[in-house]
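Chains as they are written, first to last, in my numbering: chain A, 1 to 191; chain B, 1001 to 1147.
No lab work stands behind these hints: they were computed from the structure.
Since the model is a prediction, treat every value here as computed from it, not as a measurement.
Glycine is no exception: its CB is placed at the ideal position from the N, C-alpha and C atoms.
A hint or two may mislead.
[Unchecked claim] Taking lysine-lysine and the DSBU-like style, the derived pairs with C-alpha atoms no more than 30 Å apart in a straight line are: (1) A:Lys-61 x B:Lys-1141; (2) A:Lys-168 x B:Lys-1141; (3) A:Lys-168 x B:Lys-1054; (4) A:Lys-185 x B:Lys-1054; (5) B:Lys-1138 x A:Lys-4; (6) A:Lys-176 x B:Lys-1138; (7) A:Lys-185 x B:Lys-1141.
[Unchecked claim] Here are some chain A residues pointing at chain B (derived, C-beta under 7 Å): (8) Glu-21; (9) Gln-43; (10) His-147.
Listed below are the residues making up each chain.
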Amino acid sequence: MVDKVLRGDTNAFSAIIKATEGLVAQIVFKMIYSEEDRKDIAQDVYLKAFNKLGGFKFQSKLSTWIGQIAYNACLSYLEKKKLVLPGNSHHEDDSLEDGLEALVSKSSYPLNHEAEKLVSQKELSEIMQSEIEKLSPVYKTMITLYHHEDLSYEEIAQITELPAGTVKSYLFRARKSLKESILAKYKKDEL
Amino acid sequence: MTTKHLSEEELQQYSIDKSSCDIEASSHIQSCASCKANVEAYRQLFTVIHDQPKQVFGFDLSNLVLKQLPESKSKFSVNSVFVFLTVLAAAFSISIPVYLFRKYLSALFEGALSMTIYLIVITAIVILVFQSMEMYRKYQKQMSILN
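Generate the whole structure from the sequences, applying the supplied hints.
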């Protein structure tokens, strides 16, 4: 497929788009709020991929390589718009974690089955969706790539160009924050 | 069995992949309501995230992108014509001298031992086979990465 595109068959690029747009959509949706900007960025991602395809070295999956272009395009957009960036997002999450940690501690609040029943699966899904939306764009993207797209730490590291250890650490913090939000919600409903 | 609660990292690890945790941690979770509740919360969280509907673009991305790309090149592009002419020129430049000097060439090989000729041919075939195998292996590797 790559070879066909490189030989000038632009229609073969359509197959590449169809095979990878799912992953690109996950990244763009999690990082960009504006519907119109999502459209522009998604097109920009594939135009960049088309122009850079000759430089694809087969050292990673094609989808991961295009995912990396999508992630970088979103980061550039956020930088341009001076929106939440990975560097300053941690403080936000720290304060969220600290607040929740004070509210919910392992020893003082064990989740029980009665409390579990208070929140139905549908409600839980809605709560989780809104809690995920509260995370920084980078955390949101990582959580989605790992738990929804079933990518490995290494693949996420390739997409984000971060060390695998940093990816693990970001995911750990994001999961913890989300779990505490669930527990806090259970507690609130129980009272 | 340890009475110490599992760390947050261990709880996450247990929730993601139970088999990667040691027996001590596993047996603690079975008897500790607090750790069990945390593991359950993590599992619910992962299930909910995993089961969320996949977000898709509300427009035909492929169509929008293809409109902006240059037209598909014809089958006989300038590049392929150039390659064809180069191969043709190479074939002529080898075959013409061979035809013109055929008498001298046959005289040259008459003097050579038949064993030497066999050795050269076998070596060339072996090299060709190894090159082909290497190319096929590289091709398979690239295909597996793409898949």
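Status of the hints after comparison with the structure:
no.: 1; hint: A:Lys-61 x B:Lys-1141; verdict: holds (11 Å)
no.: 2; hint: A:Lys-168 x B:Lys-1141; verdict: holds (28 Å)
no.: 3; hint: A:Lys-168 x B:Lys-1054; verdict: holds (23 Å)
no.: 4; hint: A:Lys-185 x B:Lys-1054; verdict: holds (25 Å)
no.: 5; hint: B:Lys-1138 x A:Lys-4; verdict: holds (18 Å)
no.: 6; hint: A:Lys-176 x B:Lys-1138; verdict: violated (43 Å)
no.: 7; hint: A:Lys-185 x B:Lys-1141; verdict: violated (49 Å)
no.: 8; hint: Glu-21; verdict: holds (5 Å)
no.: 9; hint: Gln-43; verdict: holds (5 Å)
no.: 10; hint: His-147; verdict: holds (4 Å)
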